[in-house]
Amino acid sequence: MRITQGCFSFLPDLSDDQITAQIEYCLRNEWAIGIEYSDDPHPRNTYWEMWGNPMFDLRDAAGVMMELKACRKAFPNFYIRINAFDSTRGFETVRMSFLVNRPKVEPTFKVTRTEVAGRTVNITMTTEY
Amino acid sequence: MSTTIVPTGEAPPAPPETGEVPTSVDLAADFRASGVAEVLDELDRELVGLRPVKLRIRETAALLLVDRARKRMGLTQTTPTLHMSFTGNPGTGKTTVALRMADLLYRLGYVRKGHLISVTRDDLVGQYIGHTAPKTKEVLRKAMGGVLFIDEAYYLYRPDNERDYGQEAIEILLQVMENQRDDLVVILAGYADRMDKFYQSNPGFRSRIAHHIDFPDYEDGELLAIADTMLTGQNYHLDAGARAAMTQYIALRRKQPHFANARSIRNALDRARLRQANRLFETTTGPVGVEALSTITAADILASRVFSGGLDSERKEQS
Numbered sequence: 018m019r020i021t022q023g024c025f026s027f028l029p030d031l032s033d034d035q036i037t038a039q040i041e042y043c044l045r046n047e048w049a050i051g052i053e054y055s056d057d058p059h060p061r062n063t064y065w066e067m068w069g070n071p072m073f074d075l076r077d078a079a080g081v082m083m084e085l086k087a088c089r090k091a092f093p094n095f096y097i098r099i100n101a102f103d104s105t106r107g108f109e110t111v112r113m114s115f116l117v118n119r120p121k122v123e124p125t126f127k128v129t130r131t132e133v134a135g136r137t138v139n140i141t142m143t144t145e146y
Numbered sequence: 608m609s610t611t612i613v614p615t616g617e618a619p620p621a622p623p624e625t626g627e628v629p630t631s632v633d634l635a636a637d638f639r640a641s642g643v644a645e646v647l648d649e650l651d652r653e654l655v656g657l658r659p660v661k662l663r664i665r666e667t668a669a670l671l672l673v674d675r676a677r678k679r680m681g682l683t684q685t686t687p688t689l690h691m692s693f694t695g696n697p698g699t700g701k702t703t704v705a706l707r708m709a710d711l712l713y714r715l716g717y718v719r720k721g722h723l724i725s726v727t728r729d730d731l732v733g734q735y736i737g738h739t740a741p742k743t744k745e746v747l748r749k750a751m752g753g754v755l756f757i758d759e760a761y762y763l764y765r766p767d768n769e770r771d772y773g774q775e776a777i778e779i780l781l782q783v784m785e786n787q788r789d790d791l792v793v794i795l796a797g798y799a800d801r802m803d804k805f806y807q808s809n810p811g812f813r814s815r816i817a818h819h820i821d822f823p824d825y826e827d828g829e830l831l832a833i834a835d836t837m838l839t840g841q842n843y844h845l846d847a848g849a850r851a852a853m854t855q856y857i858a859l860r861r862k863q864p865h866f867a868n869a870r871s872i873r874n875a876l877d878r879a880r881l882r883q884a885n886r887l888f889e890t891t892t893g894p895v896g897v898e899a900l901s902t903i904t905a906a907d908i909l910a911s912r913v914f915s916g917g918l919d920s921e922r923k924e925q926s
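Chain order of the listed sequences is A and B.
Read in order, the letters of the first sequence correspond to residues 18 to 146 in the working numbering.
Read in order, the letters of the second sequence correspond to residues 608 to 926 in the working numbering.
Just chain A, same shape as in the assembly:
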């Protein structure tokens, strides 16, 4: 199942040039960039593993692309996303987040409905690999 999340989820996957352009946009806005990866794209799995610390004070997207390349090399079959953090409000707020890598074979989600007291149905969603 093709899983989408974050910005541009309605578009086909971004090419490296398009990713570079988006990062340039983030850097122009003076946002810090973080790279994160995970093999579990479950919507409730909010905290992904961080690929190093978020990158502050960069001036050019080449620096991020260098790290992204290294991350892809280490985790070719993981989801990788790029987060942009805005510090204008005094704390780092995620302003933008988009997927930049997905595994060849993607997991699916399985929905389990459990009937509990009073005809209430509890729904559990699990990632199926």
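For the record, the hints were derived by calculation from the structure and aren't laboratory data.
Predicted model, so just to flag it, every value in this text is computed and none were measured.
Where is the CB? At the ideal position from N, CA and C, for every residue including glycine.
Watch out, some of these pointers could steer you wrong.
[Said to hold, decoys possible] Once the Cα atoms are required to be at most 25 Å apart in a straight line, the calculated BS3-like pairs of lysine-lysine come out as: (1) A:K90 with B:K678; (2) A:K121 with A:K90; (3) B:K742 with B:K661; (4) B:K720 with A:K86; (5) B:K720 with B:K744; (6) B:K744 with A:K90; (7) B:K720 with B:K678; (8) B:K661 with A:K86; (9) A:K86 with A:K121; (10) A:K86 with B:K744; (11) B:K720 with B:K742.
[What the hints assert, rightly or not] To give an idea of the interface, some chain B residues facing chain A are shown, with a C-beta separation under 10 Å as derived from the structure: (12) R719; (13) G752; (14) L859.
Assemble the complex: chain A is given as a structure, and chain B must be docked to it using the hints.
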């Protein structure tokens, strides 16, 4: 580590995206449009002396301009190697010229952002195993799209300690210098003799650096002109007596240890300003005029220890 954002003018003009290859190129128009002339003129105007350096920079600018034209006409595909080495004694303007170089490369479109990151060994080399690579990479990431200026680069290599982490930083640097030539330009700087030794023990650097620029020491007259420029920038000036004293000071200071060209002059002027302020406090009664506040007299300079043979500690060593 310090980041210097070069106050660049407009962005470099994009080459015409017509798809067809031009058959001729107007180099003079290209030269004017790129804004390189302004940088070179500024260099001539604001930096005293350094004639061989200015000449080399002009040559480099011409080469890059021609190379850009050739690329547009489809004659070359590769980016020229732009990594440089600045060698010279302390205070000869290496950092200042590096800043201008970043601006120049930006206007010619060889670096995308044109900022200068100035680092030393401390910013690149870590203190324990596994600390160096992230540190070096962080610096490189920040320098992407601009110029990385490594001051006293020979400290990266410590031949006496084979387990020194500097070697690791050198390897990462070399790799990025080779693979990401489009993304950043590295300038290594330091004293001439020690840089030579550094290149001998690291042939990888030597072959990756195309431009070696040597910074000569300033002559006495040039140092005096530098002193004038520095003072004018701070709205001070030397009176006739002080100018004579300064000339004498420069001649004497040059013979004493730790002479650092323009930097020695800046320090001397800082101390002269201190003495001037002190003198104003002690001697004047009543209101002080603009003229008095901005004039440095002979007494302010002649009080320097340089005239009595340098620092006490150093005099003892010499005798």
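Hints and how they fare:
no., hint, verdict
1, A:K90 with B:K678, "33 Å, violated"
2, A:K121 with A:K90, "14 Å, holds"
3, B:K742 with B:K661, "34 Å, violated"
4, B:K720 with A:K86, "21 Å, holds"
5, B:K720 with B:K744, "18 Å, holds"
6, B:K744 with A:K90, "16 Å, holds"
7, B:K720 with B:K678, "20 Å, holds"
8, B:K661 with A:K86, "39 Å, violated"
9, A:K86 with A:K121, "17 Å, holds"
10, A:K86 with B:K744, "13 Å, holds"
11, B:K720 with B:K742, "22 Å, holds"
12, R719, "6 Å, holds"
13, G752, "3 Å, holds"
14, L859, "44 Å, violated"
Comparing the model with each numbered hint stated earlier shows that hints 1, 3, 8, 14 do not hold.
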